[in-house]
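Here the protein sequences line up with chains A and B, keeping their order.
Quick note, the first sequence lines up with residues 0 to 346 if you use numbering that gives the first Met the number 0.
Quick note, the second sequence lines up with residues 0 to 346 if you use numbering that gives the first Met the number 0.
In short, the hints are calculated from the structure, not lab data.
Just so you know, these numbers come straight off a predicted model, no measurement behind them.
Hints are not guaranteed to be accurate.
Note that identical chains are pooled: a pair holds if it fits in a single copy or bridges any two copies.
Claimed, not checked - Listed next, the in silico SDA-like pairs over lysine to any residue satisfying Cα-Cα at most 25 Å (straight line): (1) K86 / G312; (2) K136 / V196; (3) K136 / Q175; (4) K334 / Q173; (5) K334 / A172; (6) K231 / P104; (7) K231 / L307; (8) K334 / Y163; (9) K136 / P51; (10) K334 / I164; (11) K86 / P269.
Letter by letter, the chains look like this.
Protein chains: 2
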Amino acid sequence: MSSELDARFLRACRRQPVDATPVWFMRQAGRYMPEYRRIRAHHSLLEIVERPELAAEVTLQPVHALGVDAAILFADILLPIVPMGLKLEFAQGEGPLIHNPVRTPEDVASLRELEAESDLGHVLEAIRLVRRELSGKPVPLIGFAGAPFTLASYVIEGGASRNYIHTKLLMHAQPQTWHALMDKLAQALTGYLLAQVRAGAQAVQLFDSWVGALSPQDYACYVLPYSQRILKAIQVTGTPVIHFGTGTATLLELMKQAGGDVIGLDWRLPLDQGRRLLGDDVAVQGNLDPVALFAPLPVLRQQVQDVLERAGGLPGHIFNLGHGILPHTPVEHVKAVVEMVHEITAQ
Amino acid sequence: MSSELDARFLRACRRQPVDATPVWFMRQAGRYMPEYRRIRAHHSLLEIVERPELAAEVTLQPVHALGVDAAILFADILLPIVPMGLKLEFAQGEGPLIHNPVRTPEDVASLRELEAESDLGHVLEAIRLVRRELSGKPVPLIGFAGAPFTLASYVIEGGASRNYIHTKLLMHAQPQTWHALMDKLAQALTGYLLAQVRAGAQAVQLFDSWVGALSPQDYACYVLPYSQRILKAIQVTGTPVIHFGTGTATLLELMKQAGGDVIGLDWRLPLDQGRRLLGDDVAVQGNLDPVALFAPLPVLRQQVQDVLERAGGLPGHIFNLGHGILPHTPVEHVKAVVEMVHEITAQ
Chain A
0 MSSELDARFL
10 RACRRQPVDA
20 TPVWFMRQAG
30 RYMPEYRRIR
40 AHHSLLEIVE
50 RPELAAEVTL
60 QPVHALGVDA
70 AILFADILLP
80 IVPMGLKLEF
90 AQGEGPLIHN
100 PVRTPEDVAS
110 LRELEAESDL
120 GHVLEAIRLV
130 RRELSGKPVP
140 LIGFAGAPFT
150 LASYVIEGGA
160 SRNYIHTKLL
170 MHAQPQTWHA
180 LMDKLAQALT
190 GYLLAQVRAG
200 AQAVQLFDSW
210 VGALSPQDYA
220 CYVLPYSQRI
230 LKAIQVTGTP
240 VIHFGTGTAT
250 LLELMKQAGG
260 DVIGLDWRLP
270 LDQGRRLLGD
280 DVAVQGNLDP
290 VALFAPLPVL
300 RQQVQDVLER
310 AGGLPGHIFN
320 LGHGILPHTP
330 VEHVKAVVEM
340 VHEITAQ
Chain B
0 MSSELDARFL
10 RACRRQPVDA
20 TPVWFMRQAG
30 RYMPEYRRIR
40 AHHSLLEIVE
50 RPELAAEVTL
60 QPVHALGVDA
70 AILFADILLP
80 IVPMGLKLEF
90 AQGEGPLIHN
100 PVRTPEDVAS
110 LRELEAESDL
120 GHVLEAIRLV
130 RRELSGKPVP
140 LIGFAGAPFT
150 LASYVIEGGA
160 SRNYIHTKLL
170 MHAQPQTWHA
180 LMDKLAQALT
190 GYLLAQVRAG
200 AQAVQLFDSW
210 VGALSPQDYA
220 CYVLPYSQRI
230 LKAIQVTGTP
240 VIHFGTGTAT
250 LLELMKQAGG
260 DVIGLDWRLP
270 LDQGRRLLGD
280 DVAVQGNLDP
290 VALFAPLPVL
300 RQQVQDVLER
310 AGGLPGHIFN
320 LGHGILPHTP
330 VEHVKAVVEM
340 VHEITAQ
């Protein structure tokens, strides 16, 4: 047990010195890996996440193949909205579609409360299986959930969006409905993340992937209180929380205020500037451009080195991308980055 | 002539006091307007831009319908690449497609030099027609071009992109090829914009719409010198230049260094913060969220007021959106914003 608490990933979350900078990748399990494609050939995405033994297997694939310092549960941020009453489909090549989007007070009122233990028991069981497999290894398991804004954007738009017209319209033109929806989402997500922690997740990440579409004014008024409620509830358990978004250069101070032991940065803000902006009472995660993984190894190495130099060798840095691994990323480059980070930062 | 130089739009570009804040909208001519749809029913986009009398008519539609303080030439940022040898198609619902994308040294070498006067004479003729129509009116005409990075991203990717994989890969893995391409684009765009000025454009905007995908390091090394070359060439003519991008919170200081009398801001950075960051030796343009135009008028008015309050009544503010008008935007709301801005800021 003590070796697990001493894992460099968890130490970095707590801004403690580490023997080498920990590294993991958002979307480290997925289509770019042949092992994953072999499983996907026989099972849909929803089948994998609904069958704990498959979800656990996929979760562990990058741990074995890449040597990353943390596992992240294989799941989808949209899972909690299904038991809440939304009709979700992963359409071929189109991303997620929600057939009954939420746009009225009645739509919000009809959302069911999430009972994580019964509604998403398969996710929690996958966590238990992964923890058993990783027992005694210095590779902690990260649980996660979508943040309320990012989930709200999907359920209001009915899928992925470019301009968030319906989302922002609900926010501004029907603020009561917006707040009611965010309240329900925050409650559901708090329960879901706490259940993940009880099942064995050793850290959790809140993905506010699309929050960069908002102005700071809108974030402060319509989003911050709900993310804050979730983050505080996790932090009282002592479990480290990573608070992540993209395109957030103008939101970072508010995101820190909302909470998180670790703030995720994308590549648009150099890591040294990000640390200066955030102060030294919070750790940072990031921030290699996912596209860098396509470059020849010497070019890739330069970019990895740049990130590490900007991190400045200070405690409290978790190496990651600025966003998830892209389809068609060469696996051997991902593996090479793990080795580079460990080699360059080894004390 | 003196009345035209005194137009509030041009005065604001020069940071001179104005009788009311000037307002225009990126993509103010387009599908959201019934007048435009009537013309599009009979002509393709390329037909309109290739027939000066149609392009001029469409350019003037929002001037008549909305009362904006500037006209912007109706054209497309991709026009200059066609005579350079790229096979461009505007595919139904898919946006622009380039059938022979540029990805090798040979591709770059085979690009033709642009001769703006002969290759894009129809655009210059449209400028002359619009100027004739606006003669004596205090409504200046803005010319424009895409910035070299944004154009490079289209010609390398072969169309619009989400992650700019080929673009960034060319930049990092084949820097010589990248620089050769940017050099050719910068030369073409400088000639094109200078020709627009000679034809009568009274200000020009350089659209670096997608530059926000880059880190500041990449911008400084691979983009800034080329945008700078163009911007300096225009500025020596005394014609005001607006330098625009989106998602640029971490790039603004470098964009100012590259040049421009006016820097465009999107809604992610509050206007007062943007002005503080940029200093008072440059004007700013922006920065209402285009989605705000869908909100009920009282909500829209609050947001317009917020932008104006943050502008602080100082000289050197041009009211605009943070990006182009979206399809389906209610025309009457756009018109209402023009009236609000004039009414609220009238001295």
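Problem - Hints violated by the structure (listed by number, smallest first) - result: Checked against the structure, the hints that fail are numbers 1, 3, 6, 7 and 11, while the rest are satisfied.
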